[in-house]
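Same order as they appear, the protein sequences are chains E and Z.
FYI, the numbering for the first sequence is 1 to 376, going by the numbering used here.
FYI, the numbering for the second sequence is 1 to 112, going by the numbering used here.
No lab work stands behind these hints, which were simulated from the structure alone.
In this text the structure is predicted, and so the values were computed from the model without any measurement.
The C-beta atom is built at its ideal place from N, Cα and C for all residues, glycine as well.
Derived EDC-like pairs: lysine to aspartate or glutamate, alpha-carbon spacing no greater than 20 Å straight-line:
(1) E:64 - Z:48
(2) E:244 - E:281
(3) E:190 - Z:7
(4) E:102 - E:169
Covered by chain E, per the in silico footprint, the following chain Z stretches (three or more residues, Cβ under 8 Å):
(5) 4 to 15
(6) 29 to 39
(7) 52 to 64
Listed below are the residues making up each chain.
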Amino acid sequence: MSSHNTATIQKEYTVFPFGPQHPVLPEPIQLRFTLDEEKIVDVVPQLGYVHRGIERAAELNDYKRNIYLCERVCGICNYIHGMTYCRVIEDLTDTEVPERAKYLRIIWQEMGRLQSHLLWLGLFADAIGFESLFMQIWRDREIILTLNEKTNGHRIHLSTNAIGGARKDIDASLAKEYRKDLELVREKIKVLEPVFYKDKSFRQLTEGKGILPKNQANFMGAVGPTIRGSGIPQDMRTLDPTCKALDFKPVVYESCDSYARTLVRFDEVFQSIELINKALDQMPDGPILNKNEKFPEGTTIVRTEQPRGELIYYVEGNGTNKLSRVKIRTPTGANIPSLVSMLIGHELPDIPVIVHSIDPCISCTERYVQVKKEAS
Amino acid sequence: MPEMLKEILKNLVSKPATVNYPFVKPEPLPATRGALSWDMDRCDQCQDCERVCPSMAIKVLPEEKRVEYQPFKCLFCFLCIDNCMQQAISNSTTLTAPGYEKRVEVFEIKKQ
Ligand code: SF4
Ligand code: SF4
Chain E
1 MSSHNTATIQ KEYTVFPFGP QHPVLPEPIQ LRFTLDEEKI VDVVPQLGYV HRGIERAAEL
61 NDYKRNIYLC ERVCGICNYI HGMTYCRVIE DLTDTEVPER AKYLRIIWQE MGRLQSHLLW
121 LGLFADAIGF ESLFMQIWRD REIILTLNEK TNGHRIHLST NAIGGARKDI DASLAKEYRK
181 DLELVREKIK VLEPVFYKDK SFRQLTEGKG ILPKNQANFM GAVGPTIRGS GIPQDMRTLD
241 PTCKALDFKP VVYESCDSYA RTLVRFDEVF QSIELINKAL DQMPDGPILN KNEKFPEGTT
301 IVRTEQPRGE LIYYVEGNGT NKLSRVKIRT PTGANIPSLV SMLIGHELPD IPVIVHSIDP
361 CISCTERYVQ VKKEAS
Chain Z
1 MPEMLKEILK NLVSKPATVN YPFVKPEPLP ATRGALSWDM DRCDQCQDCE RVCPSMAIKV
61 LPEEKRVEYQ PFKCLFCFLC IDNCMQQAIS NSTTLTAPGY EKRVEVFEIK KQ
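If we strip away everything but chain Z, and leave its shape as in the complex, we get (with noise of 0.2 Å):
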């Protein structure tokens, strides 16, 4: 216990060493694995983000022309990043906000 006490002193009068969280924010380091959205312009349906989604959170509909993406299911390996030739898919380091709802988000492609 002696050799804690120099440590738990210095606690007494230094700050706290957690992020007081709701009011202050902790800047994301530039790795972190954020909120993923497609870019149709880019996007040529060839599923092969589908194809290698481990948890199946993604669904590329040619014929409707949309990509539907579940970011609940989503583990955010991205391993559909690196696969998709046609770098349509970006991410942010915002983290996806939690809700009451496993929502499905939906990525069209705009009709000329």
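Pulled out of the complex, with its shape left as it was, chain E reads as follows (with noise of 0.2 Å):
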């Protein structure tokens, strides 16, 4: 008599650790796959390789030398770091900006996305073998980084933070150039736009990679064009006057997958060039620095919109010219849980555009992390 017990024939799982040094993903992350074959069954990620110990050096500095340390949490969205910290410690001593300062954010702030955004499709362009597209974007990108030369004498960081406005304006001189120089971009990433709504193979690359449905998305927090491309139009940028008077509307689409992102972010890149020139011609003559000396106690909490999703920045004062506590959530640590979902039940061969999709930057991300067992 033969006995098929089937429940007895065990499984056989491959375990696959991709990273954290990866041709395709060079940031310092360890995902754990274990494959049924070559279909993802479960997804560890691993984190902890770089970790910097920014937030406790704030803590250390002065409210000034902070700008400077913030602004290198990230080296691609640097601008924005300093300036969301900039905006925690205007909200904590009651610093008022003006106006004109207002719009040289919008304006660097959106030169930052410009520029990160292009590096991310030049790089996603290359993890799926489209070497001459990832030239041609990053070829284009050099306009943006001469741009940002021009204006304060560095490729990426900009160094024009300061609190209570900028350190920089920019004139008419300046102001033509940068007109100038982003119609040459829009024209030159215009001609692209085919490749990225068309082109059959990249479509087959990405089209249904890496579904997060949109109640999904919600339940994991997933932020920026991760959760933008899942159908939800969630931009901390509407939670900013400035921007509103700009007339600023997210960019959405509903297809939840790898080629919805993408989508987003190339979008992305003509509406902050649209964003610039509105707040080049909008922009309010006047001071654009208000100086305020004052090192209160209480707590605040400032969120933007970084390229890659929503920034938190919460600082603790204590009444002297050091903050108690500096605390800073990046995007990327906030959609990992959402990376993780989107993994399982893809294939082996899928892992680089997935993962490149959230448009990972793990060194920013890296916290220490305390988890307390809640006694029961």
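Since each chain comes alone in its own frame, lean on the hints to assemble the complex.
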């Protein structure tokens, strides 16, 4: 008599480590995949390879020095980090920011978004093996970097943040250069529109990969282009009255996959150029810096929109010129749970596309987290 | 792909977009932030620059009448330049050279 007992047959799983050093993802994160043949059944993300202790360093520095420390949390979205820190301190010290400085902030924040999105679009093209697209986008990105250098002397780090406004102004001749160069970027990126919207192989590689349904995106607390690619119009710029005055509306795509997230970023490139142009047109004349040297007690929190999503700064003032707590939550930290849920059920060759689709920036997300177990 | 073919063919005949660096030096832009230097005839050793420097790259030693500056720590934020009342600090557009050692540059007040 033959006995068939399927329950006794053990399934063999393969455990496959992806990272922390991997050619498609130069970011120090390890994703440990459990694979059934080629299918992903489980993912465990492991962080902690590059803890830098920025939050602790921010408690040892004084208010002003922290601007430059916070700008160095992330190399790509450095301006927005510095700006968010300045805004949280302005809230803490009740500093009124001059109207012109608010517009300058919009301009530079969008410049940061532009160069970040172009960087990502290139990297994404590289991850799917589209080398010529990668080269072309990065060549066009140089225009933005040169514009940054014309503004304040650095290609990436603008260093124009100041508590209470801005350190640098955009005069008429520089504004003219902004308009001219951004138009050039727009034309050059416009040429790539058919590649992103129509190209068959591009769509085949991204469509239906890394599905994050709307309710799941909400439940997992996704932020930025990741949640906007799942049909939810969540964008912190809608909370900013200056952005509202420029008719800002978030870019949303409904298809919930890597393709949707790519298109959100691609469309945001044009949206950012439009926002900068509008801000340059509507910027009022006037002072750009309002100094206020107060060191109050209290706590404040500010949320802004980074290229990768929502950025939160929380500070605690203690009446001295040092802060007793600076808490930074970067968007990638919020997107990791969504990434894990996106990956499950997909095949091994889709990993690079899906991992890249959240635009991971691990080095700025590394935090020391202490999980306390509640006594039951 | 066919959309990009035009660009790819154009690239075949056009010059490279990059600069052939060690042989051709790119022109620095007027705003480029390069090496700092101290004019010690102007400096009155008030230590304002030391107080504002975010990376603590400057040490002003009034007793020894000199300023020590560490270019490898410097972020080139130019807060020191903006905050020096005597306008003793100036910058050039030449980028600071890399080195094997984290050197310290010393600027001294000439003794009469
Ligand atoms: S701020 Fe100017 S004057 Fe004062 S110590 Fe520095 S260089 Fe000298
Ligand atoms: S440029 Fe900035 S970092 Fe460099 S010495 Fe001056 S204040 Fe310090």
